[in-house]
Amino acid sequence: MTGPRYRPGQRVRIAARTPAVHHRVPAYVKGKVGTIERVCGKHGEPERHAAGKSLVLRRLYRVRIAQQELWDGYQGAPQDKLDVEIFEHWLEDEV
Amino acid sequence: MSPDAPDKAALPSGPHDIGGLPAGPVDRAEHDTAHWEWQIDAMLRLAMQKGALTDFAELRDGIERLTPKDYEKLSYYERWARSLASALLKKGVVSSSALQDKIDEIRERQASRR
Chain A
1 MTGPRYRPGQ RVRIAARTPA VHHRVPAYVK GKVGTIERVC GKHGEPERHA
51 AGKSLVLRRL YRVRIAQQEL WDGYQGAPQD KLDVEIFEHW LEDEV
Chain W
1001 MSPDAPDKAA LPSGPHDIGG LPAGPVDRAE HDTAHWEWQI DAMLRLAMQK
1051 GALTDFAELR DGIERLTPKD YEKLSYYERW ARSLASALLK KGVVSSSALQ
1101 DKIDEIRERQ ASRR
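Residue numbers (this note's numbering), protein chains in the order written: chain A, 1 to 95; chain W, 1001 to 1114.
I should point out that these hints are in silico values taken from the structure, not numbers from a laboratory. For every residue, glycine included, the Cβ atom is placed at its ideal position computed from N, Cα and C. Mixed in with the good hints, there may be bad ones.
[As the list claims (entries may be wrong)] Pair by pair, the computed Cβ-Cβ distance ranges are:
(1) A/K53 x W/K1102: 52 to 60 Å
(2) W/M1043 x A/R7: 43 to 51 Å
(3) W/H1031 x A/G3: 46 to 54 Å
(4) A/T18 x W/I1103: 51 to 59 Å
(5) A/L55 x W/G1092: 49 to 57 Å
(6) A/R58 x W/S1086: 40 to 48 Å
(7) A/R17 x W/D1104: 25 to 33 Å
(8) W/F1056 x A/W71: 23 to 31 Å
(9) A/H43 x W/E1105: 23 to 31 Å
(10) A/G73 x W/D1070: 39 to 47 Å
(11) A/Y74 x W/G1024: 49 to 57 Å
(12) A/K53 x W/L1046: 35 to 43 Å
[What the hints assert, rightly or not] Using 20 Å as the maximum straight-line C-alpha spacing, the simulated EDC-like pairs for lysine to aspartate or glutamate come out as follows:
(13) A/K53 x W/D1070
(14) W/K1102 x W/E1078
(15) W/K1091 x W/D1101
(16) A/K42 x W/D1055
(17) A/K53 x W/D1017
(18) W/K1069 x W/D1101
(19) A/K42 x A/D83
(20) A/K42 x A/E85
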């Protein structure tokens, strides 16, 4: 079993694609940049489950995104953030 | 891509994908679960136990394929019922004629009670 591709503190971008099957990535985080908060182990890929296909385990991460990154003209405190759990195949390197 | 580049417009993936869109207040009223809603819940669990559906994600997938109009109109367990029915039809567990016969039978039973 290979190790996690990302480690806590690393910056990542969430992929901006929209497959025509259930997936656990809401539109408002697609294309946004965040930081890996922690690695959450391996879990079954939702897209495969949704299509009734056999189980494939994928690494899951908790990604921390600034609210200011998510919403244009965000009025709240600059340190406000959202933690969202995203699978590794939805993450891209962001340097 | 630079972090300052404008975000690629991410399209909503279905009628459920509405996070961040303008909306009214949340209805926080408590409500009882009707008997038929427990029955839908039981049917889903049975379908999963029998292997007709492998995961809750399959139910979600069917719900997310509803038209925005249907999604808006249907209640929580009505969405479950529609998704479960389409999954069981697709897999050939139930035929569309058998489903229609049952719907007709229940309609007649309800009409005769009125």
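Okay, the hints, checked on the actual structure:
no., hint, verdict
1, A/K53 x W/K1102: 52 to 60 Å, "violated (30 Å)"
2, W/M1043 x A/R7: 43 to 51 Å, "holds (44 Å)"
3, W/H1031 x A/G3: 46 to 54 Å, "holds (47 Å)"
4, A/T18 x W/I1103: 51 to 59 Å, "violated (34 Å)"
5, A/L55 x W/G1092: 49 to 57 Å, "violated (23 Å)"
6, A/R58 x W/S1086: 40 to 48 Å, "violated (26 Å)"
7, A/R17 x W/D1104: 25 to 33 Å, "violated (43 Å)"
8, W/F1056 x A/W71: 23 to 31 Å, "holds (29 Å)"
9, A/H43 x W/E1105: 23 to 31 Å, "violated (42 Å)"
10, A/G73 x W/D1070: 39 to 47 Å, "violated (33 Å)"
11, A/Y74 x W/G1024: 49 to 57 Å, "violated (21 Å)"
12, A/K53 x W/L1046: 35 to 43 Å, "violated (22 Å)"
13, A/K53 x W/D1070, "violated (27 Å)"
14, W/K1102 x W/E1078, "holds (17 Å)"
15, W/K1091 x W/D1101, "holds (18 Å)"
16, A/K42 x W/D1055, "holds (16 Å)"
17, A/K53 x W/D1017, "violated (23 Å)"
18, W/K1069 x W/D1101, "violated (26 Å)"
19, A/K42 x A/D83, "holds (18 Å)"
20, A/K42 x A/E85, "holds (12 Å)"
The earlier numbered hints that this structure contradicts are 1, 4, 5, 6, 7, 9, 10, 11, 12, 13, 17, 18.
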